[in-house]
Amino acid sequence: MIYSGIIKYEDADIAFQFDELKLTLYPTYELFNKITMYQIENASCCTCEKKPISDGCLKGKVNGQSQIIHFFFDPMGYGTSIKNFIECEITIYVHTFTKYNCDFPFPVKNVSLQFESQQIHKYLGLVPKYEISHDMSQGICGTISCNTETTKYVSRGIMAGTELSIFPAFKCSWSETSFKFFPELFIQISEIKDEKHLLSIYDAIRKFIKYTSMRTDIEPDSFFIHIGEKIKGEICSIKTIKCDKEKEDCNSIYRGFVPWQILHRHAINILEKIYLNDWYLDNLPSNKNERIVVSDITISKDAAAFENEFSKCFPQGLPTHSEKRILAETEVEKEIVPLFEAAQGRKKKIYKGFISHIRNDALADKIEYCLNEYEVCIEWLKTKIAKELSNEEIADKCVSIRNDIDHGNKKINLDNDIAIAYIILRGLIYAMQLKRIGYETEEIAASVKNLFYIKGLAP
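Residues in the sequence shown are numbered consecutively from 33, following this note's numbering.
Where hints are given, some of them may not hold.
Said to hold, decoys possible - In the PhoX-like style, the derived pairs of lysine-lysine whose C-alpha atoms are separated by at most 25 Å in a straight line are:
| # | residue 1 | residue 2 |
| --- | --- | --- |
| 1 | K262 | K225 |
| 2 | K467 | K344 |
| 3 | K242 | K481 |
| 4 | K264 | K225 |
| 5 | K366 | K381 |
| 6 | K344 | K242 |
| 7 | K467 | K416 |
| 8 | K242 | K184 |
| 9 | K380 | K366 |
| 10 | K481 | K467 |
| 11 | K419 | K481 |
| 12 | K141 | K264 |
| 13 | K467 | K242 |
| 14 | K228 | K262 |
| 15 | K333 | K467 |
| 16 | K419 | K467 |
| 17 | K379 | K366 |
| 18 | K333 | K344 |
| 19 | K225 | K141 |
| 20 | K141 | K262 |
| 21 | K481 | K416 |
| 22 | K366 | K344 |
| 23 | K184 | K262 |
| 24 | K264 | K228 |
| 25 | K481 | K344 |
| 26 | K481 | K333 |
| 27 | K262 | K333 |
| 28 | K141 | K228 |
| 29 | K333 | K242 |
| 30 | K481 | K184 |
| 31 | K242 | K228 |
What the hints contain is simulated information worked out from the structure, not anything from laboratory work.
Small disclaimer: the values here were computed from a predicted structure and weren't measured.
Just need the whole structure built from these sequences, with the hints factored in.
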């Protein structure tokens, strides 16, 4: 169903359409550059400027019924714009959720959230073991156990002022002739303030699992809300893409997960960074196979992810650069930019080249420095696929192709060395993020190895 209407901004009307998946605004050309953020009910919308959409919910009715749909805005989404027309279209992508069977008032204390998914059994490290015996008088009977060593690893901490604990579990569903195991991740929360708080935590948990497994195609089969021993509600995604059950490891060349034994020590820290929108997720591959696929689109995302993470790890800039050098580069760029903006034709192109050269040199220096700084963390990956490339060469290849892509050059040569350089950069970004929240070098190295391990490469 498509909803349409008018919203007000500075006494002007802006038309919008909402199709339960995206919100599209149609401002006039005069308003286009003025709009930076607009409030619709209690949902903040991002428009033409590429600013993250903030957390929020937009309530509405579906097909005229009284059922309330909660439209949760993806904090990592971005508005996109088309400037070639007088009427400018701005698209904002959202996730849509329905919440039902919730018969409790907010705030509510001591809540358990149950993330259930067949896709995460290896991620959780749960290995069910069972014995079955057939008895004509009693039907099927047997015993069930799981890898109890894994369930001892509970992550406890405080996220944005709320006490949490996260731990793996599993349940078993019996029928007359068979039973099924359902791997789960349980999240116990001291208090949930309101519906927005609940949906924000839910979205953070989904992204937490996507990030720690470095793939975006993992979704919950169900997400239950427990108060005491009773299920009081469920959240499910209307637009969730159900993925086919994965083949066994023997049929796949990818390992594709980081064991909970490694994740649990800092799970709350990662979850909090994602919850507070302090974690760059836009470069996550869609599935585990895509981790070693490089294209013009992934190059832009990976380069942006690196610059974002570098600014958080080194807010003062490169430690190896003196204040005089940083000041000189900044002053030169400030001098050139006005000349570039005022110039035309050939001069404008020359000034643009100067600016690009300064920025590219700075980016290459940053990548090379981090490759040296985190070398032990990504040593296994670099040894397996980039043994012949130095850190300086990897940095130069990353920067040269990124410059071509960002400037829209039509002929882009993606050779093998460039692809390798960007796979190394992905491992580097992951290592930098984990190091920032307190992971030990050995844990980071093990995580990178698990995520990029490919059968056929020697251990």
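Right, here's what the structure says about each hint:
no.	hint	verdict
1	K262 - K225	holds (19 Å)
2	K467 - K344	holds (11 Å)
3	K242 - K481	holds (17 Å)
4	K264 - K225	holds (16 Å)
5	K366 - K381	holds (17 Å)
6	K344 - K242	holds (21 Å)
7	K467 - K416	holds (22 Å)
8	K242 - K184	holds (23 Å)
9	K380 - K366	holds (15 Å)
10	K481 - K467	holds (15 Å)
11	K419 - K481	holds (16 Å)
12	K141 - K264	holds (13 Å)
13	K467 - K242	holds (19 Å)
14	K228 - K262	holds (22 Å)
15	K333 - K467	holds (21 Å)
16	K419 - K467	holds (24 Å)
17	K379 - K366	holds (17 Å)
18	K333 - K344	holds (17 Å)
19	K225 - K141	holds (9 Å)
20	K141 - K262	holds (14 Å)
21	K481 - K416	holds (10 Å)
22	K366 - K344	holds (24 Å)
23	K184 - K262	holds (24 Å)
24	K264 - K228	holds (17 Å)
25	K481 - K344	holds (24 Å)
26	K481 - K333	holds (22 Å)
27	K262 - K333	violated (43 Å)
28	K141 - K228	holds (15 Å)
29	K333 - K242	holds (16 Å)
30	K481 - K184	holds (24 Å)
31	K242 - K228	holds (21 Å)
The structure fails to meet hint 27 from the earlier list, while all remaining hints are met.
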